[in-house]
Structures are given as structure tokens and as C-alpha cells.
Amino acid sequence: MKAEERWQARFRASRMTLPSWARQAPNRSIYRSNATGTWQVYALDRVSGTTRQVTDRPRGAVYAAIDPTGQWIYWFADTEGDEFGSWWRQPFNGGPDEPVAPDVPPGQPGGIALSATGVAAISLASGGAFRIHLVRAGEPATLLYEHAEANWVTDMSLDGSLIAVNHGEYAGFRHPALRVVRHNGDTVGELYDGPGKGVLGLTFAPVMGDRRLLALHERRRRHEPLVWDPVTGEQREIWLKDSGDLAAEWYDDGRGLLILRDDRARSHLHRYDLAGGVLKLIETPHGVIDDATPRPGGHVEYSWSSASHPPVIRSSNDQVVVNSSGPPAPPSVPVEDLDVEGEGGRIHALVSRPEVGTAPYPTIFLLHGGPAAHDRDAFSPEVAAWVDAGFAVVRVNYRGSTGYGSAWRDALRGDVGHTELADVAAVHRCVVERGISDPGRMVLAGSGWGGYLTLLGLGTQPDLWTAGIAAVPLACHQTSYEDEAESLRAYHRALFGGSPDEQPERYAASSPITYVEQVQSPLLILAGENDARCPMRQIEKYVAKLAEHGREHEVYTYDAAASSLLVSERITQIAHQLDFARKHVKLH
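Every letter in the sequence shown is one number past the one before it in numbering that gives the first Met the number 0, and letter 254, counting from 1, is 253.
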């Protein structure tokens, strides 16, 4: 198979998310798949083994849920791929679609919680406010919670009596507090650990009448599980000696927790017995677990991949969960770990070397989005495409990334953008000094926050980069704030310590448009015309400045939001990026 056919085959290969199942009907599950070329929602009947496509949205579906009884499948339907719309539902076995809350105005989704008693709680943001509504079929929706600061529903107890809400009233979007309320809005209990220590609600115990709520706290500078009874106030912290950030999920009987530990770009699974406090490692292959869930009977299903192996849905009892359709994705190369000393501490990076050519290689720094995210040893068709093209790929888990504790994640506040790029520059020096990368053939690229860092890096580090590729970037923080979705405004306020009116110097100092005159390298910008995360107007202002100063650039726009759910569109974009890089970076 030729290189171009191989990288395109990775994008076209059928992929699916881990099936989630109805708590009171465990043989009924839903998942998302790109089998049709667009990510859609599917129903899986585990008794008959049959699957059924539920949605057929032109631009795909991102958010979906199944109610605890297994009677209904819910999904979020936006208007133009802009993440602004309403929740809909359909019977599990098929039937007409119906709006969940026809009397609630559309907005940006903040989550949905479902009970076994037919009550739903939906979070939507619009018009400068975040709202949570309670909905019961055939009845008018009631407003449960409303605030100008970000809030979202995390879960509802199985009997529907308690609703868990995360909110930023005290410390903002990045460090939320956790509140449990009743249907009338009365507070049952609240957890707030102070500045810099968020409490994230996860799920109530999957047992009727059980009030215990599983959450994640940051009392020891990383995410760790906590079991909380909001009525009595009793708390139980789950501590592991091993390093890494932790996430957790209930076993179906409420007696144990499945703990997912993310450490140095790899994943590990453990079972924790609540009665005896015994921790047991669950054997999994070396790589990354994107999602995991315990099933009745005690075994665990999980979605796994590594940089060299395409994703699969596995089970700890070695049974097949769902048979994938179509040929599998071609494999790729493994990653190497690279540890670099930086001004803020040790930086962890991942390096993928091409199988053709010799070092020093032409190199692309692919910067992840977020910034509250991180690169891992997971399969990436995008990384594999660049490797096939003869580039070394370097991915940096710069300060601001998750997975390395709260202090590392929060370190960028106060010098947003420049902190991350200082770490990128340190890794740049390292790969050049070690002979991995050719300093005259270096591309800086990324999407979302990575696209923002690309624009900022070309303007503040012009001597380091031969070319830049910025997908759906933030080019001007102030203009973005004026046009973006409510949740992004809340994030901006939390990150910069206020709005642009309150912190104008910080917004300007961290905006790429401030440094556009210093850009020297050719630049490709990709932008979604309906993107509420990286609005077009601020990109157009930046592009106008590039043209005004005679800087070489190209712009590619597409009719979707930040992350296109169409496989064909993703292939087109990657092909455009590869052609741009080849035009400006000499390949031997």
C-alpha cells in the first residue's frame, strides 16, 4: 500500500466509542461510530447482537446518553455543526424522534442527567447565562438553576431525588465546586475545597435509594476519587501511592470502584473494594485506555490503543464486545518518551520517528488542544500521516496540560501562551541537540489551543520555525471573547482572572495578533465557518493583519465547527496540510 493510501485508510477505517449501557437494562447499550463516514449514534442489543443506527445527522452527533431503564436514547442536535441546539430522544427499539424539552430555548450543551423515574436534567448555556432545567415527558420544563458563571449537571440519583451540579460561583470554571440539590432547588450538601482545588462530580451509586456520589478532588495536587454522602456529609477519600491523575467509576453493585490511572501518557486500570480497601491491578496491554466501564458479573470493557496499534474495544474476560465493520486501520510506529528539563520543571514529550530517511529529520511539532488535555501513547491517524510523509513528530505536554498533577495544569495562569511556548522551545532545543530534528526544517502546528500556540509561536519565536499550520486557532483573545460560546467566556475569565474589560493587558499580551508583524514563516490557517469555539471574525482580523504586513499565508475554510465529524473532510484537511508542508520544507 502506498503512503498516501495508507494514511487515508487510517481515517476511513471504522471506529467506535466504548458502548455505554442502561443501568437497569444492561443488555441495552449505545455507542458512536464513523462507519458511515460521519460520527453517528447506534443502539446495541446485546441479547440478539443486533445494532441499529439511531441518528443520521449530516454533520454527525457528538453527545448521546441512554436512560437507566433502557427505554430511551438521547442525543444533542445542533443547527449547523456549531454546538448550539437542543436535546432529542428516540425509543431504544426505534420510532419517531421527539424533542426532550420543546419549551426550553436552544443553547450550548453542558450535559444531561437521567433517572429511572423518567426525570431528565439538561444543561444549556445562552444569552449570558448557564441554566439547568428539569424535564418530565408531557410536562412543562422547570428551571432548577441559573447563574452567570458556568454550571453544569453531572448526574442524578437513580430514583431522581438528588441532582449533582458543578458550578463556578466561588472559583470559576477551572476549579468548580460541587453542589447536590433537590427538585425544588434546595441545597442538600456542597463541597468546596478553596481556591485552586476543584471538586468534579461524577456519578451517583447505581443502586436505587443510594445517595452516595462519586467525585474527584484535588486536595493532594492531583485528581483523586472521593465517595460522598451529601445528606450526612460523610466523605471517603480513595488514595493510591502510584503517580498519575485518577478517574473512577462505580461497579454495578455499588461495592467497588474501577479506577483509571493516567501516568506519563499511559493508562492503568485498578479495582478498589470499598468494604476491605483492597486495590487490585487489572491487566491491560501497554498503551492508552480512552474509556472503561465495569459490567454486571465483574468484568471490565475498555477502549484501548497505542501509537502503533489501532483502537479496539476489549474486555477483561477476553470476550468480543462488538465486531467492527470494514478493514482495520494500518498500524504505525511506536513513540519514544523524551524528558526535558524546563524552566518550570521536567517536561514530558513524545517523539515518533519516520521509517524512511535518516536523522536529523524534518520535524513537525503537533501541539495539543485544550489546554487542559495532554498527548498520550494512543493511536492517531494524524500523527501516522506525518510519519508516513517522512516527518518526525514531536508532541509536548507543556505546562497547562493535564495528566501531571494540578500544579502543572495550573502553571500557565498569569502568562498564558508564553508559558507553554517556553516548554516547546526547551523541547525544540533538545531534539536539535540530540540530532533527531533538523533546525532548518521545523514546522509548528496544532488545532484549537494548539492552533493558538502556533500563531503565538510564529510571532514570538520566529527564528525557530520554518512554517506554521494553525487549525481553528485563537488569534485575538478579546475578539474571541466577544463572539464565542458562554462556556468559553467562562473559561477565559478563569484563565485570565477576569474579562477583557477587567484584564486588557493580559488579553493583549497573550494574543497572537499583537505579534503579527514579527511573523516570518509561511502560515496555513484552517477555520470552521460555524465555529463557536474559535470564531471567524477574530481569524479574519488576524489574516487582514498578515496581508497588511505582506506575510505569506493561506486560508482554508470549511462548513462546520472546530472538529469536523465528517471523515472525508478530515482527509481533505490533512492532505492540504501535507501539501503545504512539502511546499515549504525540503524533504530529502
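Take the hints with a grain of salt, since some may be wrong.
To be verified - Straight-line Cα separation of at most 30 Å, DSS-like style, residue types lysine-lysine; simulated pairs:
(1) Lys544 - Lys585
(2) Lys585 - Lys1
(3) Lys582 - Lys540
(4) Lys279 - Lys196
(5) Lys1 - Lys582
(6) Lys279 - Lys240
(7) Lys196 - Lys240
(8) Lys544 - Lys582
Note that these hints are calculated values from the structure, not bench results.
Since the model is a prediction, treat every value here as computed from it, not as a measurement.
Is the straight-line distance between the alpha-carbon of Lys582 and that of Lys540 30 Å or less?
Holds, because 26 Å separates the two Cα atoms, which is no more than 30 Å.
Lys1 and Lys582: Cα distance at most 30 Å?
holds, 20 Å
For Lys585 and Lys1, compute the direct alpha-carbon distance and say whether it is at most 30 Å.
Measuring from Cα to Cα gives roughly 20 Å; hence the hint holds.
Has the given pair, Lys544 with Lys582, been kept, meaning a C-alpha gap of at most 30 Å?
Holds, at roughly 23 Å.
Checking one constraint from the list: CA of Lys279 to CA of Lys240, max 30 Å. Satisfied?
holds, 13 Å
Can you confirm whether the C-alpha distance between Lys544 and Lys585 stays at or below 30 Å?
holds, 28 Å
Check whether the Cα positions of Lys196 and Lys240 lie no farther apart than 30 Å.
holds, 20 Å
Distance restraint between Lys279 and Lys196, which requires alpha-carbon spacing of 30 Å or less:
The hint holds at about 28 Å.
Consistency note: the structure conflicts with none of the earlier hints.
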